[in-house]
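Residue-level listing of the chains:
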Amino acid sequence: MQTDQLLSLFGGVLLLLGLIAFFLGRAKAARVRAGGTTMHAQPDQYAWFAVLATAGPAIAVSAVGAFLLLLLEVEIPELGLLAGSLAVAAIGLGLGMRQVRPDFHARKAIERVIRGALLTAALISILTTFGILISIVFEALRFFQMHSFWEFITGTVWNPGASFLAAAGRAEEGASAAQFGSLPLFAGTFMITAIAMLVAIPVGLLAAIYMAEFAPRGVRTLAKPTLEVLAGIPTVVYGFFAAITVAPIIVSIANAFGLDAAFNNAVAPGIVMGIMIIPFISSLSDDVINSVPDSMRQGALALGMTKGETIRDVVLPAALPGIISASLLAVSRALGETMIVVMAAGMRPNLTANPFEDMTTVTVRIVAALTGDLEFESAETLSAFALGLVLFAVTLSLNLVSVLMIRRFREKYRVNNL
Amino acid sequence: MSQTFDEISAQLRRRHRRSARLKWVSMGALGLAGLFLLWFFSDMLSKGLPAFQQAQIQVEIDYNEDAARMGRAALDRDLSRLVSRTFERMIPVQMRENPELLGSKETRWVLADSEVDQYLKGHRHKLNDAQRALVDELEAEGRVELRFNTTFFTTGDSKMPEASGILSAAVGTIMTMLVTLAIAFPIGVMTAVYLEEFAPDNRFTQLIEININNLAAIPSILFGLLGLAIFINFFGVPRSSPLVGGMTLALMTLPVIIIATRTALRSVPDAIRHAAFGVGCSRWQVVRDHVLPLAMPGIMTGSIIGLAQAMGETAPLIIVGMVAFIPDVSASFTEAATVLPAQVFTWAGEPEKAFVEKTAGGILVLLAILIFLNATAVILRKKFERRW
Amino acid sequence: MTFQANPRHLAGSTPRVGQPHTRNEDACHDLSIRVRDLNLWYGESQALKGLDIDLFQKNITALIGPSGCGKSTFLRCLNRMNDLIPGVRIEGLVEMDGRDVNQVKMDEVALRRRVGMVFQKPNPFPKSIYENIAYAPRMHDLVSRKPEQDELVEKALRDAGLWEEVKDKLHQPGTSLSGGQQQRLCIARAIAVQPDVILMDEPTSALDPISTATIEDLMDRLKEQFTIITVTHNMQQAARVADYTAFFHLGEIIEYNDTRTMFANPATKKAEDYITGRYG
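Chains as they are written, first to last, in my numbering: chain A, 1 to 418; chain B, 1001 to 1388; chain C, 2001 to 2280.
Incorrect hints may have been included.
What the hints assert, rightly or not - Below 20 Å or equal to it, Euclidean Cα-Cα: the simulated EDC-like pairs (lysine to aspartate or glutamate) are: (1) C:K2155 x C:E2131; (2) A:K224 x B:E1385; (3) B:K1023 x C:E2131; (4) B:K1023 x A:D287; (5) C:K2127 x A:D294; (6) C:K2105 x B:D1006; (7) B:K1023 x A:D294; (8) A:K307 x C:E2108; (9) C:K2121 x A:E411; (10) B:K1382 x A:E228; (11) B:K1121 x B:E1139; (12) C:K2127 x A:E228; (13) C:K2105 x B:E1007; (14) A:K108 x B:E1197; (15) C:K2121 x A:D294; (16) B:K1023 x C:E2108; (17) C:K2127 x A:E411; (18) A:K307 x C:E2216; (19) A:K307 x C:D2141; (20) A:K108 x B:D1289; (21) B:K1023 x A:D313; (22) A:K307 x C:E2131; (23) B:K1121 x B:E1097.
Quick caveat, the hints were computed from the structure, so don't treat them as lab data.
Modelling step: build the complete structure from the supplied sequences, incorporating the hints.
Shown next as structure tokens:
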């Protein structure tokens, strides 16, 4: 029998048993109640308890069975598993019916089950983080068994080209040995991130200053959501925009100044990424500047400061932790951004300080390593996980620092809306 | 005696100028950001709108014996180069299915080749002089024209620009989003309910909270690595399928839904909970019957925004293989599929110039859907917004 | 408006508009700020109604009255802090040094430079104690060199009676001080720019009794150099520190009088009722 047939059979029978449990439980409870005994719960609650007692253990048993079967490849006959689960369901039904007694707190029992279910759901987010960590760390470790960690961190040549030959046991035939020095990738990543920040931080911060300090109320309520549209545009669209529209403009501008520029230069994706990040900085900075207490501004104005001086010397220093926090989040965002660089930056690992040359980034190499028709075990594929591990560590620490800074700001001025 | 007003004002002149400069510069920054937005949308519209029109050509089809083997033979020799090859390929197939066609003739409007299309739209094209003259002549006779491009909405991907469409990607997007929503919505709402209504305030709860905030800021590509290593390699979920894509995106959307739901739950005043406890409801009954219904508009708004975010996501889907070439619409959760942003990505990598237009057209459709979703969320919020 | 409520009709001894009902013979009577027929609206509602008052130099004038009577609003008219509130409309004359401060061409920044302000809650800047004081004089070019600046900081802190307490921690943040110290820091900050007038908006309402007493002593010393106009909810405080007292009610000045007379023998029934605690 096919797996999906088994599944539908299991589901059908379980549903049927559940319905039986519900109606039997309710009928029994109603009977007891009609007999004049006071019960601890409503008949419906007993009925639901009977359903839970029937379905819960059965689903648990079948899930454990399926897990053993699929993952650990323990030999369990599928039909046997089905029969076993259904038997458990039947036993559960019987036990559940016995619990339909006046002195049983069905409501509390249900409440406990629900609480457990909610807790399980909450644990999934933790599992996700662990899942990311485990999946990356294990594969990265396998990579570091093949290539030295030191070489990965300090090497200046990224040339995975020959690694598939090594995976096929023909390392000697490769023209040159594969090299995994990640410095050029990180240099490219930081170059593009730096360009993005050069666009996003001044524009975003100044826009936030205008919205929070100068703009009439109407302008602000309109401008803020409009800016946030920039953050809602899919990154693949920005990538297309960077590659098709911005890059040629950058090239012609560079040529006008007598400079050579590649079409997949670092400036175009950098600028477009900066545009994308503007609202991250402007929205959070605007919130932070707005929560700087008005008494600060009045104190400065009452000393005969101009509005500009008040903003520069009092408001901004007070808002600084929040602004730094926003900028760190933005940097983390830029480091992990993928589509814009995949579409508009280069593929060639290139250790250079010239932003008009093509250079590649960590995320580009991750995508490149995982989209070819490569053997999963090859060093190139696994290198993606090593790169992912570094990316994870860097963005995680940026996020944590950012959270700490915003918390400090919040405690200092006792604002709760951030 | 201190300085007079005039003395002070004279000193202040320079400082006032600087203050005014900050105002203008910051206003300029906001204006610049607005200009970026304007530039972006006008660029996308000018590149993408032509994709909704496609050149059609009126030809006489002669179902002769040669045509049964090679479709091109059914057409006039000169014209055949101007007609889409996808149409020419279909002629022998049609003749096999309807043998009575043999020997008959028919005059029809058919899809033109993308080069004709590009020429008519004034873009760069590869037609030679003779072909250009022919197209000009046909246009004067009214036998070639730009019509609304239904193909774009009714077919899947194709290697021929004129015959490619977004239907299979749209179906893939819908199925992927169904999976995402089916996983992320219940788990997200349950997590938020647990954290807001049930959880004790201890270190473990704080850990979950920090973890959720952090999850929201992890680069999306890392979720792709998780999908690849755990869902595909460990659990054996079929690669490229809406199932694996939806599961991966669900984990990404989870924090958005949790954070939005928590905000919505928090905005329900405690008075309502106290009142419900007062009439003897248990904690779960309070949440189910009183708190959740009141928080529902906020939860829906957050979920729609999360869904819109997931819908535009590409990077993790590339990693789990959802960039496959999918010419035909498939309606299975376990078969290879593609989604709109991935389709955009695929087209953006095609060398033909005509695909640039298709890419921008696909982008316009994607943006229209996203704007619609976000507008719905905003309207929902406005309509049900309640101040306590 | 009742006949009785308008002080200028009260007694033959004070025929002139805006003058106090009786004179405090110890006080200085050089005019600092002259206010005539001052009206102020928040949107549609009128908060100040035809105020006339002369405020004298090197004196402490206390503004008292029940909550919402317009005394803080009036105070903020004197250095145009009301400009910051949208929807405020002001008519009438506020004259200082021969100039109408409400005129558009009057530079409000220059005005505030000469009319300093201390607020209800201490609001030190997020800077060091030293910088809190040195910042404004430096911006105003009152000091140019570092030693001059050090000297000015020390003088301001000494004048504010804070020097001994903070001289060893000048570079710690201003927010690390106690509430009373913070308020004295704010006073030091205000006097460091050498204004003519210092406005105080309930400067001690957020402080403990001991800090309040310290600040009251300080005010008494500062009036040697500055004109002080203070709003207070605390009747005893007005009685203790002020030379003149103005009683506000519903946006009008009901009585303006020498403080001793005001508390011993008020001319109006309303002021008497308020001072004796019948309402407040």
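Status of the hints after comparison with the structure:
Note on C:K2155 and C:E2131: the hinted pairing holds, with a Cα-Cα distance of about 14 Å set against a maximum of 20 Å. Restraint check for A:K224 and B:E1385: satisfied, since their Cα atoms lie roughly 19 Å apart, inside the 20 Å limit. Between B:K1023 and C:E2131 the alpha-carbon distance is near 25 Å, which puts this suggested pair outside the 20 Å criterion. In summary, the hint linking B:K1023 to A:D287 is supported, as the alpha carbons are separated by about 18 Å, within the 20 Å threshold.
Taking the CA atoms of C:K2127 and A:D294, the gap is near 16 Å; set against the 20 Å cutoff, the hint holds. Annotation: proposed proximity of C:K2105 to B:D1006 holds, straight-line Cα distance about 11 Å (limit 20 Å). Taking the CA atoms of B:K1023 and A:D294, the gap is about 19 Å. The hint holds against a cut of 20 Å. As the CA atoms of A:K307 and C:E2108 are separated by approximately 11 Å, the hinted pair is consistent with the 20 Å bound.
Pair hint C:K2121 plus A:E411 holds up; C-alpha atoms about 18 Å apart against a cutoff of 20 Å. Annotation: proposed proximity of B:K1382 to A:E228 holds, straight-line Cα distance about 17 Å (limit 20 Å). Between B:K1121 and B:E1139 the CA atoms are separated by roughly 13 Å; this keeps the pair inside 20 Å, and the hint holds. This hinted pair does not check out: C:K2127 and A:E228 have alpha carbons roughly 33 Å apart, beyond 20 Å.
The straight-line distance between the Cα atoms of C:K2105 and B:E1007 is roughly 14 Å, inside the 20 Å bound, and the hint therefore holds. Simply put, A:K108 and B:E1197 have alpha-carbon atoms about 16 Å apart, close enough for the 20 Å limit, and the pair holds. Of the pairs offered as hints, the one joining C:K2121 and A:D294 holds, with about 11 Å between alpha carbons and a cut-off of 20 Å not exceeded. The straight-line distance between the Cα atoms of B:K1023 and C:E2108 is roughly 18 Å, inside the 20 Å bound, and the hint therefore holds.
Restraint check: the Cα-Cα separation between C:K2127 and A:E411 comes to about 17 Å, which is no more than 20 Å; the hinted pair holds. At most 20 Å may separate the alpha-carbon atoms for a hinted pair to count; A:K307 and C:E2216 exceed this at roughly 32 Å. Restraint check: the Cα-Cα separation between A:K307 and C:D2141 comes to about 17 Å, which is no more than 20 Å; the hinted pair holds. Restraint check for A:K108 and B:D1289: satisfied, since their Cα atoms lie roughly 17 Å apart, inside the 20 Å limit.
At most 20 Å may separate the alpha-carbon atoms for a hinted pair to count; B:K1023 and A:D313 meet this at roughly 15 Å. For the proposed pair A:K307 and C:E2131, the alpha carbon gap of about 19 Å is at most 20 Å, so the pair holds. Between B:K1121 and B:E1097 the CA atoms are separated by roughly 36 Å; this puts the pair beyond 20 Å, and the hint is violated.
Hint compliance for this structure: hints 3, 12, 18, 23 are broken, all remaining hints hold.
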